[in-house]
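In the order they appear, the protein sequences are chains A and B. Sequential numbering from 20 applies to the first sequence in my numbering. Sequential numbering from 20 applies to the second sequence in my numbering.
Hints were generated in silico from the structure; no laboratory data involved. Just to be clear, a hint being listed does not mean it is correct.
[Unchecked claim] Examples of chain B residues toward chain A, derived with CB under 8 Å: (1) 174; (2) 194; (3) 210; (4) 212; (5) 230; (6) 266.
[As the list claims (entries may be wrong)] Label-pair ranges, simulated between beta-carbon atoms: (7) 239(B) with 281(A): 26 to 32 Å; (8) 247(A) with 314(B): 44 to 50 Å; (9) 65(B) with 308(A): 53 to 59 Å; (10) 289(A) with 235(B): 32 to 38 Å; (11) 225(A) with 52(B): 38 to 44 Å; (12) 243(A) with 268(B): 25 to 31 Å; (13) 93(A) with 268(B): 53 to 59 Å; (14) 243(A) with 60(B): 50 to 56 Å; (15) 247(A) with 42(B): 51 to 57 Å; (16) 268(B) with 247(A): 32 to 38 Å; (17) 169(A) with 268(B): 26 to 32 Å; (18) 84(A) with 288(B): 38 to 44 Å; (19) 90(B) with 308(A): 33 to 39 Å.
We treat Cβ as the ideally placed atom computed from N, Cα and C, and that holds for glycine.
2 protein chains.
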Amino acid sequence: MNAVIVGLGSMGFGMGLSLLKGGIETLGVDISKEREAAFREQGGSQTPREEALASADAAVVVVVNAAQSDSVLFGEDGIAARLKPGAVVINSPTVSPAYARETEARLAEMGLLYLDAPISGGSVKAAQGQLSIMASGRPEAFAAARPALDAMAETVFELGDAAGPGSAMKVINQLLAGVHIAAAAEAITFGMTQGVVPAKTVEVISKCAGSSWMFENRGPHIAAGDYTPHSAVEIFVKDLGIVSDIARTARFSAPLTAAALQQFLAAAGAGHGREDDAAVAKIYARNAGLTLPGEE
Amino acid sequence: MNAVIVGLGSMGFGMGLSLLKGGIETLGVDISKEREAAFREQGGSQTPREEALASADAAVVVVVNAAQSDSVLFGEDGIAARLKPGAVVINSPTVSPAYARETEARLAEMGLLYLDAPISGGSVKAAQGQLSIMASGRPEAFAAARPALDAMAETVFELGDAAGPGSAMKVINQLLAGVHIAAAAEAITFGMTQGVVPAKTVEVISKCAGSSWMFENRGPHIAAGDYTPHSAVEIFVKDLGIVSDIARTARFSAPLTAAALQQFLAAAGAGHGREDDAAVAKIYARNAGLTLPGEE
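Chain A on its own, in the form it takes in the complex (with noise of 0.2 Å):
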């Protein structure tokens, strides 16, 4: 099998790095030159951009959201027109359910097939081959996939046999992530009012029936006051906006993930949108006025 990989930031760059440890010929594709070097230097194909593109089996794009997704696939270089029939794209950014039902009928049109396949785990476990894939689409489109799947992801979830599913679950899950790192925050904080410090808030409730995957998580850098960016504030005033949007189309009433929205709407407006989520904790600080650990 030949690939390409469209998009070298955290998560693809470690995505491709599973594609050649898999025995995958992959080319890097990126706006950045350096980091398409950095992916050949890696064991990433030498061989030139449209010539890997028409040979390619398999493009896996992974890139920020769908208008990212719509110029790599159709834009001024888009790919799509550059691949060969039956070639399938392996979408991974966080789309609504019927830009992935759009996107797979415009490529089928051209020939092309198209598997909805958000993904979950962190640039860590991309890079082990371990990440769980939310995917759906057609039965050809799996089988075409699949050895790239195969050296992806831990555990892929087939979720039917249609674009529209695998993205549908993708933003569920992005609604809990994002509900539950503001709950973490503001439980962590709220203790912090009654005199609880955050690392005993992290040490007693991960171990009790409060405890979510994120709180465990993303507990420990508010505990610490680390906000090294491993997942930023902005993916979730992202995400969180997808969900908001694709609510409010569906006239679904979801108070608490505008509740959530607007507390990263603050982090990034006050200038934390580029540290980790656990930011969105310096916001239920300063309106309490507590200093965090870390913080003067």
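With chain A fixed as given, assemble chain B onto it according to the hints.
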């Protein structure tokens, strides 16, 4: 050791059984004479109330809230005046840290010890002696309570040498638990608007970063349409109310707590107060014109 347990509801009855299994002679006290008789039939003490209170080393109070706790301890027929000097009151309801501190002081004036000891774990774990107890109190109170704690709890978090931190941690836990239940309902019903059935959301998200203890526990109730009350909607009306009251006093802005409380209030107002707390999903579904599993 001799003990009395006051409040033989689903938690208290099980905790009383655990005390008996631990070899502690225990009198069960309840406003219901039937429940008192049922506890005696399970091996509870046959000693008359006044005599049992006068000889008890520990009194475990398992009522619903601070008002009931006050009534049990200091009301017309209150137990505090009947306990011997040095006996310890192990207080389990979810109360404010301020209430816990005040009660510790009030009992100290009467020569009694107080352990701030909210519980977590549900009725099954209560009967198996496997609760988590979030405890704080004077070293003498811990020492006096130890045999009873060993009988009732799998895990005792020792959170400080005075009343307050135990209740604070429990309230932090309830903030998260309530928000997570409402978030689970929000996410599962949101998924339904995108064509994803609840059972599939529960299956997939339980293995993803969007999961929480409450999602994994309550999600299946929604998927099965089973609202048998393991813990009722009214419990979170109460507990998120306690969180809100404390937050207001502390001038702490808690938007997720506020949003979740409104959903539980709507569920109670719509007639679901005695159903399982997962019935908060019925508000989301009604507001979006969705039909949940188990509904016509």
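Task: Status of the given 33 to 39 Å range, CB of residue 308(A) versus CB of residue 90(B) - done: Roughly 36 Å apart at Cβ, these two residues keep to the hinted range, so it holds.
- [ ] Mind checking the hinted window 38 to 44 Å against the Cβ distance between residue 84(A) and residue 288(B)?
- [x] With a Cβ separation near 39 Å, residue 84(A) and residue 288(B) satisfy 38 to 44 Å, so the hint holds.
- [ ] For residue 239(B) and residue 281(A), compare the CB-CB distance with the range 26 to 32 Å and indicate the outcome.
- [x] Given a distance of about 31 Å, which is inside 26 to 32 Å, the answer is holds.
Open item on the list: Holds or violated: the 32 to 38 Å window for the beta-carbon distance between residue 289(A) and residue 235(B)?
Closed with: holds, 34 Å
Task: Outcome of range test on Cβ distance (residue 225(A), residue 52(B); 38 to 44 Å) - done: Once the Cβ atoms are compared, 42 Å apart, the range 38 to 44 Å for residue 52(B) and residue 225(A) holds.
TODO: Hint says 32 to 38 Å; check whether the CB-CB distance for residue 268(B) and residue 247(A) agrees.
DONE: Given a distance of about 35 Å, which is inside 32 to 38 Å, the answer is holds.
Open item on the list: Taking the Cβ atom of residue 247(A) and the Cβ atom of residue 314(B), is their distance within the range 44 to 50 Å?
Closed with: 46 Å Cβ-Cβ, so the 44 to 50 Å window holds.
Task: Proposed interface contact between residue 194(B) and chain A, which counts if any beta carbon pair is under 8 Å - done: holds, 5 Å
Task: Supplied distance hint 53 to 59 Å, evaluated on CB atoms of residue 65(B) and residue 308(A) - done: Hint holds: Cβ distance 56 Å, inside 53 to 59 Å.
Task: Proposed interface contact between residue 230(B) and chain A, which counts if any beta carbon pair is under 8 Å - done: holds, 5 Å
Open item on the list: Quick check on a hinted range of 25 to 31 Å for residue 243(A) and residue 268(B), using CB atoms only.
Closed with: holds, 29 Å
- [ ] With respect to the beta-carbon atoms only, verify the hint that residue 93(A) and residue 268(B) lie 53 to 59 Å apart.
- [x] The hinted range 53 to 59 Å holds for residue 93(A) and residue 268(B), with Cβ atoms some 56 Å apart.
Taken one by one, the earlier hints fail for this structure only at number 17.
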